[in-house]
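> Assemble the complex: chain G is given as a structure, and chains Z and F must be docked to it using the hints.
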Amino acid sequence: MKRISGGGRPALLLLAILLTATRADAAAAPRRVISLAPSLTEMVFALGAGDRLVGVTTYCNYPPAAQRVAKVGGLADGTLDLERVMALKPDLVLAIGAGQQRSLDTFRRLGLRVEVVHSETFDDVFTALTRLGSLLGREAAAKGLTAELSRRVERVRRAVASLPPGARPRVFYELWDRPLMTASRDTLIGRLIEMAGGVNVFAEVASHYPQVSPEAVVERRPELIVAPDHHASVVDARTLARQPGLASLPAIRNGRILVLDGDLVSRPGPRVADALELLAHTFHPDLIPAPPAAGTRKAPAP
Amino acid sequence: MKGRGFAVLVAALAAALLLAAIGSLMVGSAAIPVGRTLELLTAAGPSLERTILLELRLPRIVLALLVGAALAGAGTAYQGLFLNPLADPFVIGASSGAALGATMAILLRASAWGPAVLPLAAFCGSLAAVGLVYLLGSAAGGRSSPLTLLLAGAAVSTIVGSLVSLLMILHDQSLSVLFNWLLGGLATTTWREIAWGGPMIAAGVLAIWLLSRPLDALGLGDETAQSLGLPVARFRLAIVLAASLTTAAAVALAGIIGFVGLVAPHAARLLVGGRNARVLPVSCLLGGLLLLLADDAARSLARPQEIPVSIVTSLVGGPFFLFLLRRGARSGGRS
Amino acid sequence: MPVLAAHGVACSYGARTVLQGFDLVAEPGTLTAILGPNGAGKSTALRALARLLRPDDGTVTLDGRDVWHLPRRELVRHVSFTPQLEAAAWPMTVEQAVLLGRAPHRGWLRPYSHEDREALRTALRQVELEDLGDRDLDTLSGGERRRALLARALAQNAGILLLDEPGAHLDLRHQIELFDLLRRLARDCKVAVVLSLHDLNLASLFADRAVLLSGGRTLAQGPTGEVLTAGLIRQAFGIEVATVPHPGNGSTMVLPVLPG
Chain G
238 MKRISGGGRP ALLLLAILLT ATRADAAAAP RRVISLAPSL TEMVFALGAG
288 DRLVGVTTYC NYPPAAQRVA KVGGLADGTL DLERVMALKP DLVLAIGAGQ
338 QRSLDTFRRL GLRVEVVHSE TFDDVFTALT RLGSLLGREA AAKGLTAELS
388 RRVERVRRAV ASLPPGARPR VFYELWDRPL MTASRDTLIG RLIEMAGGVN
438 VFAEVASHYP QVSPEAVVER RPELIVAPDH HASVVDARTL ARQPGLASLP
488 AIRNGRILVL DGDLVSRPGP RVADALELLA HTFHPDLIPA PPAAGTRKAP
538 AP
Chain Z
29 MKGRGFAVLV AALAAALLLA AIGSLMVGSA AIPVGRTLEL LTAAGPSLER
79 TILLELRLPR IVLALLVGAA LAGAGTAYQG LFLNPLADPF VIGASSGAAL
129 GATMAILLRA SAWGPAVLPL AAFCGSLAAV GLVYLLGSAA GGRSSPLTLL
179 LAGAAVSTIV GSLVSLLMIL HDQSLSVLFN WLLGGLATTT WREIAWGGPM
229 IAAGVLAIWL LSRPLDALGL GDETAQSLGL PVARFRLAIV LAASLTTAAA
279 VALAGIIGFV GLVAPHAARL LVGGRNARVL PVSCLLGGLL LLLADDAARS
329 LARPQEIPVS IVTSLVGGPF FLFLLRRGAR SGGRS
Chain F
-3 MPVLAAHGVA CSYGARTVLQ GFDLVAEPGT LTAILGPNGA GKSTALRALA
47 RLLRPDDGTV TLDGRDVWHL PRRELVRHVS FTPQLEAAAW PMTVEQAVLL
97 GRAPHRGWLR PYSHEDREAL RTALRQVELE DLGDRDLDTL SGGERRRALL
147 ARALAQNAGI LLLDEPGAHL DLRHQIELFD LLRRLARDCK VAVVLSLHDL
197 NLASLFADRA VLLSGGRTLA QGPTGEVLTA GLIRQAFGIE VATVPHPGNG
247 STMVLPVLPG
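Protein chains in written order, with my numbering: chain G, 238 to 539; chain Z, 29 to 363; chain F, -3 to 256.
No lab work stands behind these hints: they were computed from the structure.
Ideal placement from N, C-alpha and C gives every residue a C-beta, glycine not left out.
On the chain G side, residues computed to face chain Z include the following (Cβ under 8 Å):
1. Thr295
2. Gly310
3. Gly315
4. Thr316
5. Leu317
6. Leu319
7. Glu320
8. Ala324
9. Arg339
10. Asp342
11. Thr343
12. Leu347
13. Ser444
Looking at chain G on its own, in the form it has when it is part of the complex (with noise of 0.2 Å):
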């Protein structure tokens, strides 16, 4: 055996190093994702892995770059297009569970791991966060996403916290106006409202996303509305008011409408807290400054 000579011993160690160092790197963290849920490809991109998706749902639309990466289907069983998942060759399949249930089965069964993140309410975009980096080997992106994202939290509560009784106001979140709908306290918008600093007017409700008549809504005498504006179709104050019976409304006649991005509040990711935001500044104006977030729009007044 030839000896080695001296120079090339600490080239060999460096070597043998890094080796061991990538397959470790290999072992730990997946690099060929697929996310099955817009909320949670919105979090894989906020945590600095987007580069590693290969395959999202058509809903998937943010951040711009996930309209890129190659569509697997829609959110549902029936509509997954199961071939397509298999073909791309994830290391690790992501889901939020609801509705997805017997594909996710049939993946597990063919071989593919999949991880459910449960991403459902206002707290459970912390958990996934911190349950996505350690998945990703981003737990320090992880851990300061979140440390940021309370943070920012944090500065709301304090405020709303300070208002004097009956300084919040009347909210009323229109979800659709054909048949009229709107939602409880038990959604992400729900617990948005009473976060920001609002009472919305129909938290009390069973339903998560109850039907209710103009009557109803009223009734209530909210003070705002606000609307997601469902990327298609532009909603304003002129449309409101035409719905039958909503015209009287104090908020209508004030303009107090705000319009906003619905994947913001109906999305629980990362951007709930530019959702928060939004609305504690819009319901409170002269306590929390305006975020400087993109994607809303006041209704301007009839």
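Okay, now just chains Z and F, sitting in the frame of chain G:
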């Protein structure tokens, strides 16, 4: 149609079915070249493509054939039972009843007790709905006319369907689970499911086939059937049980799929006449073929999204049904 | 040959009594006609005899045994019932429809045998429909359809034939052919035939015995000539008639007498 012609027809349909099944193996978003497909089936050793073929495509194809045959068989039975060419498991309320049974099982989390609970609940729901239709139809006017039965069926189907929707809205936390289950689909089936569903369907269809002659006699009216010695009530019950078993298995496996049970028996009658012993096998073959082709379309038309197969059968079934009506207005049966 | 008989049979639909005190013995080798105006109870009587309608009072017996205590399967081997109207929900060939008449012997599950096909051929021959075996029922004329129904009853090989207005809607020639066939069956094969009909003259020509019903009650019963009298007909139908002997064979012919 002479005996020999019938045998030729059945053989031709079976061959078409086989071809369609093989063709369907080639359909899918994972591009597996045609030549490789057959090679992969016989090759040893695991591979991604082989997994896709054997665990995703093949069970789906088998299920489409089974469920298509089941719906067609049940449709033939219900049409014979209600003496009405518009009867099919969906119209008669059997599908809605099965869905209600299964919905309640899902909401009560009963499906956790075992894999047989869901189809059993579906079976009970199906029986209850058809039984109710029969009661309503008979109560409406002394002797139950086929038209009354059909109206009762439409009423029950609508009411039960609304109940299912109501349950879904009141429990909208479980909405997505229920809704997805209802829309069903053939994509996420497993060989294990097929292992229990297949024999159930086979048993149901066989039972219906054994009851062909009584179905023929019932087609001539209760009086004639009785005068020929048929214990009408007993055989009606037997037919209902067999058809409901078949429907329940189909719904439990694949959700609610309409039109197959309506169109296949009609097409079969146009081909072979009214004798149920012949209509049934042809109907089952046609039903399987129809559903298989519909499923192929469902997973190819809007890639990467899959359209629920029940939507395709409705889109295709409607115009097809009109076409059949025009062609065979006379042979399509009269009530 | 077993004998079917009704003893004091009474039937009602709800509160309405439609038949009372009905007696009849279906003698083998005879053709009995049940006569009467609409609503007199003719169909009811036949259905009671056929074990299709349960009497509220009285019994129907086959060789002395109550038919409702007999298994239906056994009864239909001896008694066949041919309704006036039969609507087929699905297209059916003549052969298939007639073969169903073998169900009482073959059962509902076993395939038809050689014997069944023989009975089919014989029956079709008797009604002169041999060439139309493959035709769909609904492509037949009214008369041919009637004959197909009769063929089924014949294939059933029952010793007792019950028929509800078998001649309705047939033209005269076919009516005569049909009744002639039935009478020959009775005479030659010792079959007991009981049928209802409206045409009193045809009854007179072909029926050995007659039962005259009115309002559910039996007005008269016996040899046809004795039943068809002006007085009884007036009582039953409320019309005036004159009876004259048939120039050919002396049977009583009934001619309506117009008022004024």
